[in-house]
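*Asks:* Sequence:
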Amino acid sequence: MGTPVGTPKIAIGDKIKDQFLVKKKLGEGSCGTVYLVLNIKDTKKAAMKVEPFMKSKDDEILKMEVYVLKRMQRSKHACRLLAAGKTLSFR
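Residue numbers (full-length UniProt numbering): 1 to 91.
If you are wondering where the hints come from, they were derived from the structure by calculation, not from laboratory data.
Keep in mind that this is a model prediction, so the values were computed, not measured.
A couple of the hints might just be wrong.
Distance condition first, Cα-Cα at most 27 Å in a straight line; then the derived DSS-like pairs of lysine-lysine [said to hold, decoys possible]:
#, residue 1, residue 2
1, K23, K76
2, K63, K24
3, K24, K45
4, K63, K76
5, K15, K49
6, K25, K76
7, K49, K24
8, K86, K45
Work out the full structure: start from the sequences and follow the hints.
*Replies:* What follows is the structure, encoded as structure tokens:
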């Protein structure tokens, strides 16, 4: 695993990509922070995982995580992937 380059700057009340409103922090661990967000478009609640930028090839790990979640979308035993992406301050 690589070395974190910085901590994500997300505050309660922030809007992410004009689609999600950050409501509260649910938890935090070595792989990132999870927030409760509200989808502004349909008012549904969701969880958003935020990971800091890392040195080395950790970007490939995130891509693999998204790939696996996309493949599991038809399973009733997996969480739904609503969106994935990165910004200048977090991924």
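*Asks:* Given the hint that K23 pairs with K76, test it: the Cα-Cα distance must not exceed 27 Å.
*Replies:* Within the cut-off at roughly 26 Å; holds.
*Asks:* For the pair supplied as a hint, K63 and K76, is the alpha-carbon distance within the 27 Å limit?
*Replies:* Status holds; Cα separation ~22 Å.
*Asks:* Tell me if the straight-line CA distance from K86 to K45 falls inside 27 Å.
*Replies:* holds (20 Å)
*Asks:* Given the hint that K15 pairs with K49, test it: the Cα-Cα distance must not exceed 27 Å.
*Replies:* The given pair, whose Cα atoms are some 14 Å apart, holds under the 27 Å limit.
*Asks:* Is K63 within 27 Å of K24, Cα to Cα?
*Replies:* Distance ~26 Å between K63 and K24 Cα, so the pair holds.
*Asks:* What's the verdict on K24 and K45, does the C-alpha distance respect the 27 Å limit or exceed it?
*Replies:* With a Cα-Cα distance of about 11 Å, the restraint between K24 and K45 holds, given a limit of 27 Å.
*Asks:* CA of K49 to CA of K24, is that 27 Å or under?
*Replies:* holds (12 Å)
*Asks:* Does K76 lie within 27 Å of K25 when you go C-alpha to C-alpha?
*Replies:* holds (26 Å)
This entry satisfies every hint, going by the numbered hints stated previously.
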